[in-house]
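Numbering-wise, the sequence shown is residues 0 to 185 according to numbering that gives the first Met the number 0.
Please keep in mind that the hints were generated in silico from the structure rather than gathered at the bench. Note that the structure is predicted; figures quoted are calculated from it, not measured. Backbone N, C-alpha and C fix where the C-beta goes; we use that ideal spot for every residue, glycine too. Please note that a few of the clues may not be correct.
[What the hints assert, rightly or not] Between beta-carbon pairs, the in silico distance windows are:
hint	residue 1	residue 2	range
1	Thr71	Arg181	55 to 65 Å
2	Ala82	His177	14 to 24 Å
3	Gly131	Ala18	32 to 42 Å
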Amino acid sequence: MSGADRETDGGDRDGHPRAFVTATGFVFQAAGGVHVAMGVVYLLASGLYGGDSGTRAVATGDAAEPLKISATVTTVGTLAVLAGGMALAALGVGMQGERPGSARWGMVASGLLAGIGLGSAVLFAMPGSAWGRAILAIGHGCANGVLFLLAGHSRSILKEFPPPADQNVVDDAWLEAHAQRRRGHG
Numbered sequence: 000m001s002g003a004d005r006e007t008d009g010g011d012r013d014g015h016p017r018a019f020v021t022a023t024g025f026v027f028q029a030a031g032g033v034h035v036a037m038g039v040v041y042l043l044a045s046g047l048y049g050g051d052s053g054t055r056a057v058a059t060g061d062a063a064e065p066l067k068i069s070a071t072v073t074t075v076g077t078l079a080v081l082a083g084g085m086a087l088a089a090l091g092v093g094m095q096g097e098r099p100g101s102a103r104w105g106m107v108a109s110g111l112l113a114g115i116g117l118g119s120a121v122l123f124a125m126p127g128s129a130w131g132r133a134i135l136a137i138g139h140g141c142a143n144g145v146l147f148l149l150a151g152h153s154r155s156i157l158k159e160f161p162p163p164a165d166q167n168v169v170d171d172a173w174l175e176a177h178a179q180r181r182r183g184h185g
């Protein structure tokens, strides 16, 4: 291992510390895919348990307020899961490429999703009739809290052991060497 490798990789011969960041990127990609799938399934299934309650008057006055809150929270939560899932997947690609900004934005995205999940749980539990949804929202918020912690640790690793400046740079010398290898001359 050369001196330059030790400088950027912490001198660890068993593996470099940024391997955790790469693994966290994979976890973020998987979590993003699960979020998108959850959002799509939830959108498709919402008609099965919601029925036509949105098109007919089922309650008036104060009795209608819990239904409005639940429907609004469900809509906002579902859209947040879809958009957040796509963001988590994209940030996972960035973390696998050891991009320093991707861990910071991963903290922002997962923190927002955790806040939305836990806030939804509180709003679902307030009317007292949506305990099943509240429990699912708590689980969703806690899972995103774990992603937040993973992104935070990845950010600290990238600050302490930044990737080499030329890691993802393609210059003319690299292109020429690559072309020679493809032609079988090197």
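Hints, one by one, checked against the model:
For Thr71 and Arg181, the hinted distance range of 55 to 65 Å is satisfied, since their beta carbons lie about 57 Å from each other. Checking the proposed 14 to 24 Å range against Ala82 and His177 shows it is violated: the Cβ atoms sit about 38 Å from each other. For Gly131 and Ala18, the Cβ-Cβ distance of about 39 Å falls inside the hinted range of 32 to 42 Å, so the restraint holds.
Violated hint: 2 only; the structure is consistent with all others.
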